[in-house]
Every structure is written in structure tokens, then in C-alpha cells.
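> Taken in order, these protein sequences are the chains called A and B. Going by this note's numbering, the residue at position 154 of the first sequence is 229; the numbering climbs one at a time, nothing skipped. Going by this note's numbering, the residue at position 302 of the second sequence is 377; the numbering climbs one at a time, nothing skipped.
Since the hints were made in silico from the structure, they are not lab data. Some clues are possibly wrong.
Note that identical chains are pooled: a pair holds if it fits in a single copy or bridges any two copies.
What the hints assert, rightly or not - In silico lysine-lysine, DSBU-like type, Cα no more than 30 Å apart, as pairs: (1) K319 <-> K331; (2) K379 <-> K331; (3) K319 <-> K402; (4) K94 <-> K339; (5) K150 <-> K389; (6) K205 <-> K94; (7) K339 <-> K205; (8) K381 <-> K150; (9) K205 <-> K381; (10) K402 <-> K94; (11) K339 <-> K381; (12) K402 <-> K150; (13) K402 <-> K389; (14) K379 <-> K94; (15) K381 <-> K94; (16) K379 <-> K205; (17) K205 <-> K402; (18) K379 <-> K150; (19) K379 <-> K402; (20) K389 <-> K205.
Number of protein chains: 2
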Amino acid sequence: MINSDSINQGLVHKRFEFKSAEDGSVYIIDADGNQHIASALWLRERSTAEDTQSRFNHQRLVDPWTLSTDLALEKRVIADDGRRISLTFSDGHHCTLTIDDLRDDFDSDDGLPSVIGWTGDLPLPRATWKAISSTDAAFMEALQTFLRFGFLLITDVPCRNGMVLEVGNRFGCVRETNFGRYFDVRTTDNPNDQAYTALALGAHTDCNYRDQIPGIQLLHCLVNHATGGESTLVDGIAVSQALKVADPMAYELLTKVMVRFRFKDADTSFLSRHPLIEHDAEGVFTSIHFSPRTDFVPLLEAGKLKAFYEARRKLAQMLESPAFEIKFRLNAEDLIIFDNHRILHGRSAFDSHGERHLQGCYIDKDGPASLFRVLRDRYSNVAEEIEK
Amino acid sequence: MINSDSINQGLVHKRFEFKSAEDGSVYIIDADGNQHIASALWLRERSTAEDTQSRFNHQRLVDPWTLSTDLALEKRVIADDGRRISLTFSDGHHCTLTIDDLRDDFDSDDGLPSVIGWTGDLPLPRATWKAISSTDAAFMEALQTFLRFGFLLITDVPCRNGMVLEVGNRFGCVRETNFGRYFDVRTTDNPNDQAYTALALGAHTDCNYRDQIPGIQLLHCLVNHATGGESTLVDGIAVSQALKVADPMAYELLTKVMVRFRFKDADTSFLSRHPLIEHDAEGVFTSIHFSPRTDFVPLLEAGKLKAFYEARRKLAQMLESPAFEIKFRLNAEDLIIFDNHRILHGRSAFDSHGERHLQGCYIDKDGPASLFRVLRDRYSNVAEEIEK
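Please build the complete structure, drawing on both the sequences and the hints.
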């Protein structure tokens with residue numbers, strides 16, 4: 076399903092160009108042939124001139140809000156077959172932009188592989204720790220798989236205490252929580268969380284009671300002699316999209332009502348409110364938050380409350396449907412890494428007499444995306460060097 | 076401005092009670108006398124019965140979405156002057172709830188002191204490290220001040236390398252970033268960020284290019300012999316509210332348009348999109364993100380783009396207005412801790428020949444809130460013990 080051809084697809088440079096109209100306006104033609112009029116201020120903000128952009132860090136050296144919103148273009152000269160433009164502005168500034176300087180502005184994928192929603196028939200995406208930890212090519216392929224599907228099974232991870240941190244640090248910055256830098260998942264007396272029991276856990280996301288819910292979780296299996304205790308994963312994107320199609324009103328309600336999530340122990344008292352399905356400011360899905368053990372629905376007006384409960388029930392039924400769920404046994408040396416804002420995880424109950432011991436940790440949400448872009452740029456530059 | 080009386084105000088137990096109507100419905104009367112009808116399922120979800128709520132961690136042992144949304148109340152008996160209710164449900168479940176079990180459901184402040192927006196005439200809220208690190212009472216007062224105003228100046232912090240981590244760990248979990256567990260702020264050659272130059276920095280928030288922007292920043296001054304380099308802080312809540320009153324359309328636009336923030340160096344390539352003023356799913360302000368050095372406005376349709384630039388300019392002008400800004404010199408042993416989702420920070424340019432050396436780190440957004448609730452509960456229980 077994943078091969079190096081698909082990695083390279085992201086690197087193909089599509090056709091972009093500058094164009095100017097008779098009235099002096101500058102247009103940008105994007106890869107799909109759409110024309111976008113570019114205002115003087117918008118272009119001026121992107122100036123790469125030495126007095127405007129730091130040559131060390133490419134950060135801007137000026138505050139563009141101080142420029143007049145009536146800034147105009149005095150001169151524009153397009154060269155290099157539409158790939159380069161020289162601009163003189165009404166404030167006297169002069170700069171040259173290449174179309175590549177603006178590529179990020181028209182990349183709705185933000186330099187990442189496109190997300191692929193998945194259902195219960197997905198073959199488990201796998202990689203070996205040996206490959207990931209030794210070559211950039213294998214690591215980049217693993218990152219791509221993770222970014223597409225939201226999770227990855229890594230095999231042959233040595234069964235050492237704290238090894239989960241080493242794998243975590245390969246993918247991003249470990250994020251310490253109230254459970255420590257890493258935590259042991261096995262049955263304990265007086266558990267401060269139900270993870271540390273032999274109970275079944277339905278599909279859920281972790282730590283919804285945090286303001287800034289940990290973005291990515293790793294679970295490394297050190298021992299599994301238990302009967303039962305199979306792992307389950309569900310794609311929150313696929314389920315949310317299916318719910319939106321099946322019942323748009325239910326979906327809408329789940330994006331609007333903020334649910335209180337709560338965690339308390341002797342040293343910690345977290346409380347945070349999130350809708351079960353979260354949108355960004357432009358109404359695009361960003362994340363799912365679901366944990367039927369730590370959530371408190373607000374006391375809405377009676378009709379709305381009932382509608383919310385019905386919507387939540389529909390979501391929950393889809394989340395536990397075999398049509399959406401993949402189920403597998405984590406064995407010693409297996410590690411799963413998954414996006415805790417997208418993928419719900421669970422486990423079946425297990426016999427607490429057979430030992431089962433996992434170690435887990437969280438890492439920053441944007442670690443894999445950052446590393447993917449770094450590697451893509453590094454190898455895309457190599458490819459360009461070779462072409463020349 | 077802050078005294079122990081105001082701490083105790085949060086602890087006063089307001090009047091809450093259960094009431095039942097002739098048709099058998101259960102109502103909850105909140106502290107303001109408002110009546111809320113409570114559905115059977117809503118009450119059932121909050122059952123503290125042994126088979127429903129873990130006695131170890133108070134997490135629910137059942138998935139309430141599996142219960143019928145038509146669940147009904149068979150019996151309700153109110154006792155203890157409206158403070159206790161015994162309930163029997165149509166699924167046979169029985170439980171007793173006290174009104175205190177539901178207190179969190181009616182606390183719009185989530186157990187925290189109310190936020191106070193501030194302007195340029197705010198006397199600098201201060202605390203000494205000695206007091207904070209030695210007594211719970213002083214620490215709780217410091218937490219309250221931080222939660223109200225979004226920042227706090229801590230004095231007498233020993234000038235040791237990495238001391239900023241010790242202070243950070245008192246307030247929450249240190250969050251490592253691409254800049255390390257802590258970072259040095261002083262002029263360097265080939266700076267990968269403009270913080271590490273002698274340039275003036277206008278009011279900004281940090282790391283807007285992260286998906287999950289670090290929530291709280293600490294800056295500890297080890298040396299300041301520079302001429303210039305004064306620190307500035309502005310309250311993003313006060314400024315946003317003022318903008319909303321002055322120009323509601325501008326405010327609205329800033330909450331809707333998602334701006335791309337970008338950071339790149341040899342090992343890192345972060346990209347994230349946020350509106351400059353961010354709302355939650357219910358339209359309530361949550362955060363401000365402003366950094367005129369790393370932001371890229373999308374190429375909107377011409378009229379909307381101009382309106383956005385004008386709105387951004389209004390926001391920026393307010394952010395740099397002396398009416399909103401406080402300005403002070405950080406001296407050796409001073410440390411500021413501030414909410415990076417609310418408070419903008421900046422500095423004037425300084426003479427790079429006079430040494431200026433700060434160390435900084437980030438901690439989790441919800442650390443101080445969690446600690447405040449833990450201490451409040453601890454001392455509220457002590458107070459109740461004494462009353463009995």
C-alpha cells in the first residue's frame with residue numbers, strides 16, 4: 076500500500092506562475108489553473124529582501140501591520156517564464172519573489188501526505204524499529220504512513236524499561252504528564268485510572284480532561300501472557316464523516332456542545348471542556364474527544380439534552396461497530412503509536428492472572444509532521460541537485 | 076489587591092437544592108435561584124453507586140451511552156432539606172446523590188478565581204520565590220494572582236543555571252520544545268529565532284507555529300547590564316474585549332480567518348494555522364495568537380483581505396498602545412511567568428555590549444489551575460473539619 080513512489084508524489088513540482096493584468100494587478104495562477112489577485116501588501120509581507128527577512132532564520136524583520144493597507148504596486152516585471160517577479164512598492168520598497176517563495180501559500184496539505192480515513196478492513200500498517208531507527212528513507216515512509224492513517228504498528232522494539240521514550244523521541248518531543256514521562260499499564264491496587272485494571276475499555280481517547288490534550292500516544296508491549304486484552308483502534312475521522320452523512324443534525328450538535336471532562340487524584344485536579352467532535356475556526360474537523368468514563372454533559376434544556384444523548388449514542392455505536400474497528404493482539408516487542416486527537420483506542424477485558432505489561436508515553440502532536448517536512452526538504456534538495 | 080479574604084470567597088458554599096414537581100420531575104435550584112429540570116439519564120450518569128463509580132478514582136464504571144435515552148425516574152425521595160435525593164430508575168438502578176455531587180455542573184468558573192482583564196495602570200502583581208516555595212498559603216495566593224491576571228512577577232529567584240526549571244516544576248509540568256527543556260535568551264551569532272538578537276520585539280505570543288501552542292512561559296533574568304531591553308506585557312483579553320466593543324466586525328473577522336504561522340531551521344519545520352483571536356465551540360474567547368514575524372495571511376478575495384488587514388492593524392495598534400501596556404525592567408533574580416495564550420510579551424531594543432541574559436522555559440497550560448483546585452480542596456476540607 077505504501078511504496079517509495081507515493082512518497083515522491085508529494086515532491087513533484089506543480090505548475091505555478093505569476094501573471095500581470097493590463098491594469099497592473101498581479102495574479103498568481105495556482106496548480107489547478109485558478110487565478111488569485113495578489114494585493115500589494117500581501118506581496119510586500121512576503122518580501123525576501125535583506126532588510127525585510129532575516130538571512131539566519133527567514134523570520135520577518137518588520138511588522139507588516141505598520142504598512143499602509145493602501146500600499147500600491149508602482150512597478151512589476153515578470154521574468155523566467157512566469158516564475159519570477161520584480162516588484163516596486165509605493166513605499167519605495169523593492170524585492171524579487173520567485174513563485175517557489177509562495178508555494179506554501181497554496182498548499183492546503185501544508186506539506187504533508189493527505190489523510191486517508193480507514194475502516195475495519197485496513198491491513199495493519201507496520202514498520203520495524205530496526206528500519207525506522209537506521210535509515211531516513213524507512214523513517215520517512217513510517218512518518219508518511221502515520222500521517223496518512225493516524226497510527227502505525229512498530230515491531231521488534233526491544234523489551235527494555237523506558238524503551239518507549241527512545242521510540243517517542245525519534246518521532247517528537249516526549250510530553251510529560253501527571254502519569255510521568257512514561258507510565259506502566261498493568262493491574263495495580265488502588266488504581267488512579269481505569270487503564271490500570273483488567274477491565275475492558277471501549278474505544279476512547281486519552282486525557283480529554285487536559286487543556287491541550289496530549290496529541291500522540293505510544294504503547295509498548297513488554298509482556299502479554301494474558302487471556303484476552305486484545306487491542307482495538309478506530310479512526311475518528313472515518314466515523315465522524317460517516318455520522319455527518321448519516322445524520323448531519325446529530326453531527327452538528329456534537330460539534331457545538333462542550334462537555335466537561337474531569338480527572339482528580341491526590342495531587343491533580345484537571346478539568347477541561349471540549350465538544351466531542353472539534354472543528355477549527357473555518358469549520359474543518361480537527362479532533363475527536365471521547366471517553367465515557369470521565370465526561371459530564373452540561374444540563375441543557377430538556378429537548379436539546381435528549382437530542383444530544385441520541386447523537387452521542389449514534390457516535391458511540393459507530394465507534395464500537397466492527398465495520399470501523401480493527402482488533403489485534405499486542406505481543407512483546409510490539410509498539411503502537413497513534414494520534415490521540417484522531418484515533419480511539421480500547422482493549423477487551425483480560426484475565427488478571429496472566430501478566431500483561433505495557434509502557435506508554437505521550438509526545439507532541441506536531442513532531443511527526445515537522446520531521447516529515449524536514450526529511451522531504453532534505454531529499455527534495457538532493458533530487459534537485461542530481462537533476463542539475 | 077489580593078488578600079486571603081478573596082481566596083476564601085471561592086470557598087463559600089452557595090445555596091443549591093433538589094426540588095421535585097408534581098409530575099415527578101426533578102429540578103435543581105442553582106445559587107442564583109434558577110430552576111433546571113434534570114433528566115433521568117443526566118442524573119443516572121452522575122450516580123455514585125459502587126457498581127457505577129470507582130471508589131479508587133471516581134471514574135465511571137459504565138458507558139452511559141449504552142443506557143436508553145428514554146430512561147425514566149420511578150421514584151425520587153428528597154431529604155436533608157433539599158440537599159440529598161434518593162433515586163430509582165426505570166432500569167432498576169438505585170442511587171443517592173447529594174447536591175454537592177453536582178456542584179461542579181453549575182460552576183461556570185470551573186473552580187477557579189474569575190479572570191480580571193487589566194490595562195496599563197495595573198500595579199505589577201508580585202510574589203517572592205521564598206514565600207511561594209515554602210508555604211501552601213503563599214503559593215495558593217500566587218496561583219490565584221496568576222489565574223486572575225494571567226501573569227506574575229516572582230522576585231528573589233536565585234541566579235543559578237536552570238533555576239527556571241525548578242520554578243516551572245512548582246507550577247506545572249515543564250514542556251520541552253525545539254528550543255530544549257529550557258533556553259538561553261541572549262544575543263548569539265546565526266540566531267535561529269529573533270529572540271536571540273538585540274532587536275526590539277513588539278508585543279507577541281510565542282510559538283504560534285505549533286499545533287498546541289505552549290501554554291505558559293517563564294523568563295528568569297540572570298544578568299541585565301544592558302541599556303534598554305525593558306520588558307513589556309499586554310493583556311490579550313482586555314485588548315480583544317476593547318476591540319470587540321470598538322469594532323465588532325473587525326473582531327469577528329479576526330476570529331474567523333486562519334493565519335499560517337511558520338518556523339524552520341535545520342532540524343525543525345513547524346507549521347500551524349490559527350485565527351488571531353480564538354474562540355471555543357460556544358463562541359467564547361480562549362486565546363490570542365499574534366506574531367508579526369512568523370505569520371502568513373491567506374490570499375483571501377481582495378475586499379476581505381483588505382478588511383482583514385485593517386482589522387489586524389486595529390488590533391496591533393491597541394496592543395502597542397501605552398493604555399494597555401505595562402513596562403518594567405527585569406533585573407537579576409526576577410522571573411516572570413505568563414499565560415502565552417493570553418498575555419503578549421515584548422522588549423525594547425538593547426545595547427548588545429551590555430550583557431543581558433535570561434533563561435526561559437514553557438510549562439503546561441493547565442498546571443496552575445490543577446494545583447489551585449488541589450490546594451483549595453485541601454484547605455476547604457480542613458475548614459470543614461474545623462467547623463464540625
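> Each hint should be assessed against the structure and marked as holding or not.
Now the hints, each set against the structure:
{"no.": "1", "hint": "K319 <-> K331", "verdict": "both (14 Å within a copy, 22 Å between copies)"}
{"no.": "2", "hint": "K379 <-> K331", "verdict": "both (11 Å within a copy, 26 Å between copies)"}
{"no.": "3", "hint": "K319 <-> K402", "verdict": "within (25 Å within a copy, 50 Å between copies)"}
{"no.": "4", "hint": "K94 <-> K339", "verdict": "between (60 Å within a copy, 29 Å between copies)"}
{"no.": "5", "hint": "K150 <-> K389", "verdict": "between (59 Å within a copy, 29 Å between copies)"}
{"no.": "6", "hint": "K205 <-> K94", "verdict": "neither (50 Å within a copy, 64 Å between copies)"}
{"no.": "7", "hint": "K339 <-> K205", "verdict": "between (39 Å within a copy, 28 Å between copies)"}
{"no.": "8", "hint": "K381 <-> K150", "verdict": "between (63 Å within a copy, 20 Å between copies)"}
{"no.": "9", "hint": "K205 <-> K381", "verdict": "neither (52 Å within a copy, 53 Å between copies)"}
{"no.": "10", "hint": "K402 <-> K94", "verdict": "neither (53 Å within a copy, 47 Å between copies)"}
{"no.": "11", "hint": "K339 <-> K381", "verdict": "within (28 Å within a copy, 48 Å between copies)"}
{"no.": "12", "hint": "K402 <-> K150", "verdict": "neither (63 Å within a copy, 42 Å between copies)"}
{"no.": "13", "hint": "K402 <-> K389", "verdict": "within (21 Å within a copy, 54 Å between copies)"}
{"no.": "14", "hint": "K379 <-> K94", "verdict": "between (53 Å within a copy, 21 Å between copies)"}
{"no.": "15", "hint": "K381 <-> K94", "verdict": "between (56 Å within a copy, 21 Å between copies)"}
{"no.": "16", "hint": "K379 <-> K205", "verdict": "neither (53 Å within a copy, 51 Å between copies)"}
{"no.": "17", "hint": "K205 <-> K402", "verdict": "within (25 Å within a copy, 54 Å between copies)"}
{"no.": "18", "hint": "K379 <-> K150", "verdict": "between (59 Å within a copy, 24 Å between copies)"}
{"no.": "19", "hint": "K379 <-> K402", "verdict": "neither (35 Å within a copy, 48 Å between copies)"}
{"no.": "20", "hint": "K389 <-> K205", "verdict": "neither (42 Å within a copy, 54 Å between copies)"}
Checked against the numbered hints listed earlier, the structure breaks hints 6, 9, 10, 12, 16, 19, 20; every other hint is satisfied.
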